[in-house]
Amino acid sequence: MTEETQRGASARPVFKEDEHLPFWKRWMDTDIWHSYKKSPVIIIASIAFMLLILSAIFAPLISPYTPFDPGSLNLMNGFTEPMSKNDFTGDYFFLGTDDQGRDVFSTILFGLRISLFVGLAAVLFAMTLGVILGLISGYLGGWVDGVIMRVADIQMTFPSIMVAMLLYGVGKGLTPPDLRDEMALVVLIISIGLSEWVQFARTVRGATLVEREKEYVQAGHLIGLSKWAIMLRHILPNVTGPILVIATISLALAIIAEATLSFLGVGAPKTEPSLGTLINVGRQFILSGEWWILLFPSLTLLALALSVNLFGDWLRDVLNPKLR
Amino acid sequence: MSEEIVLTVEDLIVEFPTRKGILRPVDRVNFNIKKGEILGVVGESGAGKSMCGSAIVGLIDRPGRITGGEIRLQNERIDNISHERMRKIRGRRIGMVFQDPLTSLNPLMTVGEQIMETIRVHLKISEAEARQRAIAALEEVGIPAASSRVDAYPHQFSGGMRQRVVIALALAAEPELIIADEPTTALDVSVQAQIMALLKKLCHERGTAVMLITHDMGVIAETTDRVAVLYAGRLAEIGPTKDVLSNPSHPYTIGLMASTPSPTGSTERLSQIPGSMPNLRAIPQGCAFNQRCTKAISACFKHLPILEPVDKTDVACWLYDEAYKDEAAEQSKTQLKEGA
Amino acid sequence: MLAFVIRRVGEALLVLFIVALVSFAMFKFMGDPIQSMVGQEATLVDQEELRERLGLNDPFPVQYVAYLGRVLSGEFGISYRVGLPVEEIILDRLPATLELALLSGLIAISLGIFLGIYTAIRRDGFVAHFIMTTSLIGVSLPTFLIGVFLIWIFAVELNVLPSYGRGETLDVFGVPLSIFTLDGLKSMILPAVTLGLYQMTLIMRLVRSEMLEVLRTDFIRFARARGLSNKAINFRHALKNTLVPVITVTGLQLGSIIAFAIITETVFQWPGVGLLFINAVNVVDIPIMSTYLLLVAVIFVTINLIVDLLYFSIDPRLKVGGGSKGH
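Residue numbers (our numbering), protein chains in the order written: chain A, 159 to 482; chain B, 2 to 341; chain C, 41 to 367.
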């Protein structure tokens, strides 16, 4: 470098090349990791999401009360304000209690559990369905493709939350009346899942169309490999990025859809309340001043949806830098 | 041809900061263009040709910026002036023609609207007058039935016609300099020659200086007065077109000529330069061409060569430096022996 | 152009036909409406008579054709719960939903486009960053939560706006509307904001990303090279090109306002068709559910059709006689 500067030319900047590093070091050097490190909002969002997941998983261990066991409830504890004492046991009601004397903190933990469970299950269902339909559609083409994509087009013109609501109505109608409460969560998962599959299917179909024509698929077929096996091995890796982004955004949508349906009283049953149900219960008490029954479940839901949305938004930006 | 210099580029450096270091797509480039002269700028893609053009009109995409050198238009610096002043120069004093006429025009506005808009930004004239000028401009670039076509939308023109419209737009406010960035690359071969001839004719008539960016040696040979050869962001050689073409001095230019079919139709086999241009992230120390150069001597790996006159052109190569003459001669002798 | 319109209308009719099939299938296969209609004390004979009267014993295609015929003549069946013709109930509720949807749609589109342009042009500015971050909260905030919190703040704590109902209405050509009375307008503010906010955020984000996309195109670069002012580039060149794709999605957004009205109407007890639908789902009142489905399909299909036709007025490339020469 010093020699280069003679004859009056200014120094050229050096560019570091880094190969042959262990996997984790290369990962630490990717754009994703750097973008993650540089964005405090995303760090906070991901930590918040992890905390929410952990508290949902360990809800039975963390929560001080078992809120849905009628035996442990004491109506005399109803409407206790946050941070006040349980007159019977001397414990504190960290976030107060509701009309039935349930500990709000505990109900939130269990509600979070239901919300996350329904959300994740619905996205998983939508993803499986979407990937399979996308593969079939892209691979078979012809009228099968036509039918699937036509349905997708029609469904796309309706907002997913509305599709979920309509499907839930249909699903509820199809369930025998005496099973409706027990089946409510399953119907909820299926209807939300069915409302979210289109994006997955479209992405996978697009990738399949591109791959189908490539020579290795044709060649692999000649040597007797199953086309499906070849395609799964080659197409799925190509679409993991987009699918991840869609899944994250769908998760936020699914959580909101579930909360909305439950809030409207047509989702999770009263015996297994989700955050939406809790908020619906809570809003009945704002006129009378018991604000904590509404506020804390609402904040939890907001934190959940926001952290997932922030993460999804960021993920999309990182995996698709063109759109930044 | 007048000797009045329209554009001077001196030691121009353009840099892009990235996470892993600073990239330098343009590295100490020097040239000037005289009134009425057409300067060809050649090089492989990524050699910094277009970046030079963008730097001159102040349209480098962020986060890139000019970090060194000077650009002067008629002896007036334009690399460090305000955005607003630069805007008034763009279109008025420097016109641009881009590669793809399909995407250069706004699809939702008629070509007349786009020409009139350009004229009226720069000249204080009435709408009716601007319309007359727009029609005249279209006629000048050879659009038939210009007075009715002025109200047509870009998609109603063919590719070649669209590029004519783009040229009319670039010349609308009678600039002193036109920067044409690969103006014919996206066109049909049959139309390319027409467009080049048109550009050449119009600029000659008006005495407009032209910076013609291309990778097509044929276009260079037919159109330009002088040619600048860029390699990895640096100027390898610059000089009158006929001298550079017939008697190239820089090993890269020599290779470039050997890989281009000769216009005289000689049957000699075309050769190609081994290897490829280094990535901007991995430019070697010394001369950027040293990895591919068959004549490289020790100095080429240590020191950056600067432009020195050799014969009738200016060349950045150690082979012609007094201090290394002997080593260069030695080198070519051994190579001859090995070849024998 | 005519061929295009005919094709579009054909597609729209196909969608409606399919939705009608779904909505009929709901009738046919879901639960036993008789059970939910009659009281405990009804005899089997009573039930059978009712079944016959409602045409529930005919074969499927006969029932579907009969259903289509009834639908086309404006008969949608009788609500299991209320016992009144569905079309009457819905027509009675529709004005409330429409006026709410229109007001919030207006808020959403005007503010959404304005803010979208602003955040695209000043994309590195502090205010733009702030708006974008806030908008993400807006997207994450479920509609019902916005409504509940608006009620809490403006109706309970500040006590300046009503928390439910339509307020005073004024009959315009026999249709009761809230928007023309002060009390009614006050009642509309909170629901309209609730309904519009989410759509506004979506429109804003869409306009922003489309505009950024357009600002990266060659012709914008060329426009800069021609020395046009930023104002001309942003508003004359970029904005119009942005609006072409934005119109489609905005049209769909308007459709989803109808959908989200279900939530808003429930929160504010706004007596529109959305509230009607939710109550119908709760009691599995299938005639109302299926008619609502049809109604929504008609609204969506109409909006889509209008959006497609709007394209023509904006994009010259689609006009008749254009685009014949060279491509």
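The hints are simulated quantities; they were obtained by calculation from the structure and are not laboratory data.
Remember, predicted model here, so these are calculated numbers, not experimental data.
A hint or two may mislead.
Unchecked claim - Dumping the calculated DSS-like pairs for lysine-lysine here, alpha-carbon to alpha-carbon at most 25 Å: (1) B/K326 / B/K296; (2) B/K313 / B/K36; (3) A/K196 / B/K21; (4) C/K271 / B/K89; (5) B/K125 / C/K226; (6) B/K296 / B/K35; (7) B/K201 / B/K35; (8) B/K326 / B/K35; (9) B/K36 / B/K21; (10) B/K125 / B/K313; (11) A/K195 / B/K21; (12) B/K243 / B/K313.
Status of each hint after checking the structure:
1. B/K326 / B/K296: 12 Å, holds
2. B/K313 / B/K36: 21 Å, holds
3. A/K196 / B/K21: 15 Å, holds
4. C/K271 / B/K89: The hint holds at about 14 Å.
5. B/K125 / C/K226: 52 Å, violated
6. B/K296 / B/K35: Given pair B/K296, B/K35 is violated - Cα atoms ~34 Å apart, limit 25 Å.
7. B/K201 / B/K35: Holds: B/K201 and B/K35 sit about 15 Å apart, inside 25 Å.
8. B/K326 / B/K35: It is violated: about 34 Å lies between the C-alpha atoms, which goes past 25 Å.
9. B/K36 / B/K21: 42 Å, violated
10. B/K125 / B/K313: 46 Å, violated
11. A/K195 / B/K21: Answer holds: A/K195 to B/K21 is near 15 Å, not above 25 Å.
12. B/K243 / B/K313: OK: B/K243 and B/K313 at ~10 Å, within 25 Å.
The earlier numbered hints that this structure contradicts are 5, 6, 8, 9 and 10.
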